[in-house]
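Colleague: Residue-level listing of the chains:
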Amino acid sequence: GAGVSQSPSNKVTEKGKDVELRCDPISGHTALYWYRQRLGQGLEFLIYFQGNSAPDKSGLPSDRFSAERTGGSVSTLTIQRTQQEDSAVYLCASSLPTSGGVRFGPGTRLTVT
Amino acid sequence: SQQGEEDPQALSIQEGENATMNCSYKTSINNLQWYRQNSGRGLVHLILIRSNEREKHSGRLRVTLDTSKKSSSLLITASRAADTASYFCATASSLGAQKLVFGQGTRLTINP
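So the sequences go chain by chain: A and B. Take 1 as the starting number for the first sequence in my numbering and just add one per residue. Take 1001 as the starting number for the second sequence in my numbering and just add one per residue.
Treat the hints loosely; a few may be bogus.
What the hints assert, rightly or not - For lysine-lysine, the following BS3-like pairs were computed, each having C-alpha atoms within a straight-line distance of at most 30 Å:
| id | chain 1 | residue 1 | chain 2 | residue 2 |
| --- | --- | --- | --- | --- |
| 1 | B | Lys1070 | B | Lys1026 |
| 2 | A | Lys57 | B | Lys1070 |
| 3 | A | Lys17 | A | Lys57 |
| 4 | B | Lys1056 | B | Lys1070 |
| 5 | A | Lys15 | A | Lys57 |
| 6 | B | Lys1099 | A | Lys11 |
| 7 | A | Lys17 | B | Lys1026 |
| 8 | B | Lys1056 | B | Lys1099 |
| 9 | B | Lys1069 | B | Lys1099 |
| 10 | B | Lys1099 | B | Lys1070 |
| 11 | A | Lys57 | B | Lys1026 |
| 12 | B | Lys1056 | B | Lys1026 |
Claimed, not checked - Some but not every residue of chain B turned toward chain A, in silico, with C-beta under 7 Å:
| id | residue |
| --- | --- |
| 13 | Lys1099 |
| 14 | Gly1103 |
| 15 | Thr1109 |
| 16 | Pro1112 |
Claimed, not checked - Here are some of the chain A residues that sit facing chain B, going by a computed Cβ distance under 10 Å:
| id | residue |
| --- | --- |
| 17 | Pro8 |
| 18 | Gly28 |
| 19 | Glu44 |
| 20 | Tyr48 |
| 21 | Asn52 |
| 22 | Pro61 |
| 23 | Asp63 |
| 24 | Phe65 |
| 25 | Ala93 |
| 26 | Val102 |
| 27 | Arg103 |
| 28 | Phe104 |
| 29 | Pro106 |
| 30 | Gly107 |
Keep in mind the hints are simulated off the structure, nothing from the lab. Each residue gets a CB set at the ideal place from its N, CA and C atoms; glycine is no exception.
Using the sequences and the accompanying hints, generate a full structural model.
Modeller: Okay, here's the thing in structure tokens:
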């Protein structure tokens, strides 16, 4: 079946602009994650949604970052007033609530100029 | 701070040799997972080992877990050029809440 999809695949924006990144998880996956990966680095946890529970936002680096998940499916990650240090690949992943590994999307490469 | 720390940061071996990567973590875990990433994207789940397991196999992969030392190792036997990638360990700390914390990864290069 279809995997996790993300859009856009690449985004170039000017410093100070807002951006929205979209994630479509695998159908039936109630858990959804956002991670950030800077060049040559590991994955930095941003936020985690599980069903109707309150999301775990402990990884969001600043109040410029927010995410929502509508209808328990699609999620958008919004970065307001983008800064150059926001440049990274933003990865979305989803999983069943108590299953094993998560399935990652291809990521959105964000470049802030 | 990152939960998992991979060691070494980079590893280069000849095709056909075995590759061993290690991961250490700090807190109690429910399970530990290994992922592979090619070309800066495309993370793929390789194997999961639960805290009550000590060893697990999947094809040419062998994972061990030592909860007393808070460490895990990933062994790739008979390496191939296609195994060239970055390998990450990730830990999940509580049952039912699969918040995964990743390490910085090991960059593995298989030379033909």
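Colleague: Which of the listed hints are not met by the structure?
Modeller: Violated: hints 7, 15, 16, 17, 18, 21, 22, 23, 24.
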